[in-house]
Structure formats: structure tokens, C-alpha cells
Amino acid sequence: MSSAPQLDIDHVAHLARLALTPEEKAKFAQQLGDVLHHIEQLKKVDVTGVEPMAHAAPVFNVWADDVAQPGLPVELALKNAPAQRDHMVVVPKVVE
Amino acid sequence: MSSELFFQPIAQLAAALDAKKFSSVELTRAVIARTKAVEARVHAFNSFDEAAVLAQAAASDARRAAGQARGPLNGIPIGLKDVIAVAGQPLTASSKILANFVSPYDATVTVKLKHAGAVLWGRLNCDEFAMGSSTENSANGPTSNPWDLARVPGGSSGGSAAALAAGEASATLGSDTGGSIRQPAALCGVVGLKPTYGLVSRYGLVAFASSLDQIGPLARTVEDAAIMLGAIAGHDERDSTSFRTEIPDYRAELKTRRGPWRLGIPKEYFGEGLDPEIGAAVEQVIAFYQKQGCEIKEVSLPHTRYCLDTYYVIATAEASSNLARFDGIRYGHRSKNATDIVDLYFQSRAEGFGAEVKRRIILGTYVLSSGYYDAYYLRAQKVRTLIRQDFMNAFREVDALLTPTSPMPAFKLGEKADPLALYLCDIYTIGVNLAGLPGISVPCGFTQSGLPIGAQLIGQPFCETDLLAIAHAYEQAHGWNTKFPFL
Chain L
1 MSSAPQLDID HVAHLARLAL TPEEKAKFAQ QLGDVLHHIE QLKKVDVTGV EPMAHAAPVF
61 NVWADDVAQP GLPVELALKN APAQRDHMVV VPKVVE
Chain B
1001 MSSELFFQPI AQLAAALDAK KFSSVELTRA VIARTKAVEA RVHAFNSFDE AAVLAQAAAS
1061 DARRAAGQAR GPLNGIPIGL KDVIAVAGQP LTASSKILAN FVSPYDATVT VKLKHAGAVL
1121 WGRLNCDEFA MGSSTENSAN GPTSNPWDLA RVPGGSSGGS AAALAAGEAS ATLGSDTGGS
1181 IRQPAALCGV VGLKPTYGLV SRYGLVAFAS SLDQIGPLAR TVEDAAIMLG AIAGHDERDS
1241 TSFRTEIPDY RAELKTRRGP WRLGIPKEYF GEGLDPEIGA AVEQVIAFYQ KQGCEIKEVS
1301 LPHTRYCLDT YYVIATAEAS SNLARFDGIR YGHRSKNATD IVDLYFQSRA EGFGAEVKRR
1361 IILGTYVLSS GYYDAYYLRA QKVRTLIRQD FMNAFREVDA LLTPTSPMPA FKLGEKADPL
1421 ALYLCDIYTI GVNLAGLPGI SVPCGFTQSG LPIGAQLIGQ PFCETDLLAI AHAYEQAHGW
1481 NTKFPFL
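Residue numbers (this note's numbering), protein chains in the order written: chain L, 1 to 96; chain B, 1001 to 1487.
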């Protein structure tokens, strides 16, 4: 069995926007290395000419009529916001 | 059957409620009292709201008194896994990142259960974001198996299975992405049904892996599962993957479909790693159907050995995408230690997610990342096609497949610390999700040490009527569901 490629934990954690402690990095890299090693066996399957399957149900191109529907009221939509003011979610400054 | 109200199946409770032997308020009080008596040991619930449930029970009694009862679920206390939205109630997915989240709207299944007159009772514990097979990955702590409190109830719908087994609800809803209804049902000695992908709307279900997730019932009997399925199934414009199909009267069909059926035994499901006591119990189930005149045929699903890897690529890829919405901005936990907005994403997610969720986000991000997409994700999607073809080929010769639900009975809390060891719990259930098929776990005995065993029946897409009838025939001839844990 071919060996799994090294998972660059810093790079992937950055892509996932996930801050990890040094302990988590070491642990996850080892555990996910084991999992990736297991997953390597997928390379043994002959998939020549096989169509990929995104999901199981034979449902394609579902269209909705372009008609306005009542949505969630602003008060309800903001009910779980960590910080809010004047019907808006407050976030840290994004431009200088 | 038990004389205790909290151990009676829905069919029996509904008849008694109609006969005015007791009221829904009395039934609900009995379930609340039972919950309070055992919950310190079982810990099946994340939260419950006594006032809300009693108000619903009183309303259901008023409807019944006015001759407006809404069918068999009118007044029945149903517990919901804490990934299914109920307006005004907490929705945590057993995660710190949603610790204070209150649902602004109802899931479609919630609307349907309310419409059927059900009394919605409590938020049931699960693995965080339904990721796990033991309910140990909950930010609220693990649930115990009512048959042996030192053991896990299975997962991820462990709270749904344990609450039912312990008499803390009359039926429950779970969600099943890789076995999360069927495996805990097997480990806790109850019936668990994962419907065909697209039969039940996912609107209002916290998304884990959207192409695999499906909501389904856990119940005391196959008839109860049929009642529950009838209440929640159906097309929903709010879930574009839900399927337009006629919803039959699943309960009535139980009496009309009698077999004999052609049952396939996939040889790959009886190999290495299967607990011998479970293997022996499932052999007895096969023998029963044979005696009933069913044709038993060995079949092969040659890509079975690739199911686990295919699943962990696809499920984690979808999870990493779905969980990107938790960024500390619009809802959910927001870090107080962030230096700027980008750091806010990093810190909020780091503080809010547990270890297994982080692992899966990282794996999913990796298999989707530039340079690895074709090697992992695209390849897994192709193998998924082959896995589904295996099942469809088998269904040319048989009506349903019969397998063990879980390779092992309930294991001890903390016993499986290695993620890979825990992933192997799902080897008999994940193929069903990858292929989008319906599957049901029915109790089929106990180990010598008294732990429940489940057998799994796998059906053709949208053939739940046959699947339920086959399971019902076995259940009627046995009665494993008349045994209850001593708590």
C-alpha cells in the first residue's frame, strides 16, 4: 500500500479558519494520518468510466417560482446574534 | 406489555386515550415523573421544558374532547434529537458553539408532528453535530445505556435511543448520516428507521453531511415506527432534495403485506470483526424467515470494504462546508479574545467546536483542498456510484437485505478512544446512507450479559412499506420489545 501524503496541519487549519493549540496539531496530525492511511485503499478501486455521484436521489434542477415569500422577521433573524444594533449585526471593524 | 404508561407503544396509548382510560396530561405527567426518576443516571436530555409540554398535552386533550383528535399521535409525548429545530426551544447540536441558540422557526418534521397532535418533549443528547457513534462527543457529557449504565447507548442519536429505552418518551426522532438512528436503536433494544434519502424533509435539521443526512423515528414497535414515518414523510418545497412521491398509509399496509419475501444475505456483512453472539442472533433471524417460506439467498456487495473510506471522505467534505457557517458573526458563540475579524473566525471556531468536530472539519477541508480534490473527493464520489450499483444489482434478485446492525453490542464508556476504532462501529450501516436506501434496525435478542442486539433490514428506494412489513412479521413472532431495562 502506498503511504498517505503528509497532511500539512497548519495549512489545512488555516483554510478551515480554525485556531489549533500545539497539542491539538500534534494529536490531530497523528490521528488523521492513520485515517488517511486507511483511506488510501480507495486508490485500489478501478473507477475508469464511472460517473461521480453527488447524492442518492434522482432529483435534478429543482426550480421555484420567482415569487416573493414571507421570510423570517428581522427581530427573529437577529435573536441569536452575538451583538446587534439598529437591526444590524455588529462586527469588528473590517476596513481602516 | 408493561402496565407502566411510559413503556407502552404509541398504538396502545392511542387506543387508551381514545377510550378515555387516561388523558394526555396524565400520560405526559407519567413520562415527566419517569424522566425525573431516571435522568440523573441516563442523561438522555440536553434540556426539557415541563410547562411547554404540559400545555401541549392539555391542548391535545381539549381537541380530543371536542372530537378533533388528529390521529394516533394526538397527545403522545415525542422526544426530538437536539439537531431538529422547534421554534422557541434551544437547539444546541450538543455543541458549545450553539450553547445559547434558541430556534427562531420549526423544522418541517416539527410542523408535521405538531399537525399530527404530538406533544413535543425535550431536547435529546447526541454526539456534537451528530458526529460520532457513542454520544460521548457531546459538549453536555455522555448519555448512558439504560441496559448497562457503564456502557454507551450508541450514537449519534444516543439520547433518542436511551430516552425511549428508559421510558422517558413514547417515541423519538433521530437523524442518520452513517447509522446514527439504527446503531443506537440496536444498542438500546428499540426499533430505528432511516428512511430513503428524500422521503423526509431536512428543512430545520442542523446539517452535517447533506447528501447523507435523513431524519427518522426510533420507536418501541415497528407499528409505532410506521405511525411516526407516516406523520413526518412527504415532499417539502423548503428541501429541494425531498422527493415528490405518494405517501402510503404505512401502518395500514403492515396488515396487507404478508410475503413471502426474497431476502438477500450479503456475505461481506458476516465476516471478520463481527461479534459471535451477534452473528448467532442474526442467524436465528434468517432461520425464522426461512421457516416462514421466504427465499434466502446469499448475495455479494463487493465494494462493501470501501464504504467506510468513501463515507469518511464524503461526509467530512460536506461537514467542513456546512460548518463554515459557524463563524461567530450572525449567531452562535463569538470569541472575546479576537484581535480582528478574521481572528474572530479562528478563535470562535476554536473555542466553540469539540475535538471530533475539529478533526472532521480538518479532514474534510483537506480532501477538498487544491491538489487533493480529484484524488480523494472525486474518487470517493465515483466509488459511491459503485457502492450504490452493488445494492441495485442485489435488488434484482431480492426484496430486501438482512444484516447485523452493529458489529458489536454496547461498549464501555471511554473504551474506544481512538477515532478510527470508533469509525468501525458503522461498517454495516454506512452503505445504506451512501446508496440513499431505507434501513431499519429491529431488536433480535440479547447477549449473555444482557445487552440488546439488533438486526438490520435494508430495502429498495421508497419501499418502506415492504421494509416495515418484513420487520413487523419478525417482531410479531418474537416480542423482544416486551422486555425493559431495570432502572
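Hints listed in this document are in silico derivations from the structure and should not be mistaken for laboratory results.
Ideal Cβ positions, reconstructed from N, Cα and C, are used throughout, including at glycine.
Check before you lean on any hint, since a few could be wrong.
Short, incomplete list of chain B residues facing chain L, as computed with Cβ under 7 Å [said to hold, decoys possible]:
| # | residue |
| --- | --- |
| 1 | Pro1104 |
| 2 | Ser1240 |
| 3 | Arg1330 |
| 4 | Tyr1331 |
| 5 | Ile1341 |
| 6 | Leu1344 |
| 7 | Tyr1345 |
| 8 | Leu1363 |
| 9 | Tyr1373 |
| 10 | Gln1381 |
| 11 | Asn1393 |
| 12 | Phe1395 |
| 13 | Lys1483 |
| 14 | Phe1484 |
| 15 | Leu1487 |
Here chain B is said to cover these stretches of chain L; the calculated rule only asks that three of the stretch's residues, wherever they fall, bring their Cβ under 8 Å from a Cβ of chain B [unchecked claim]:
| # | region |
| --- | --- |
| 16 | 24-37 |
| 17 | 48-57 |
| 18 | 84-90 |
Against the structure, the hints:
| no. | hint | in the structure |
| --- | --- | --- |
| 1 | Pro1104 | holds (4 Å) |
| 2 | Ser1240 | holds (4 Å) |
| 3 | Arg1330 | holds (6 Å) |
| 4 | Tyr1331 | holds (4 Å) |
| 5 | Ile1341 | holds (5 Å) |
| 6 | Leu1344 | holds (6 Å) |
| 7 | Tyr1345 | holds (4 Å) |
| 8 | Leu1363 | holds (6 Å) |
| 9 | Tyr1373 | violated (11 Å) |
| 10 | Gln1381 | holds (3 Å) |
| 11 | Asn1393 | violated (14 Å) |
| 12 | Phe1395 | violated (14 Å) |
| 13 | Lys1483 | violated (35 Å) |
| 14 | Phe1484 | violated (36 Å) |
| 15 | Leu1487 | violated (35 Å) |
| 16 | 24-37 | holds (count 7) |
| 17 | 48-57 | holds (count 8) |
| 18 | 84-90 | violated (count 1) |
Hint compliance for this structure: hints 9, 11, 12, 13, 14, 15, 18 are broken, all remaining hints hold.
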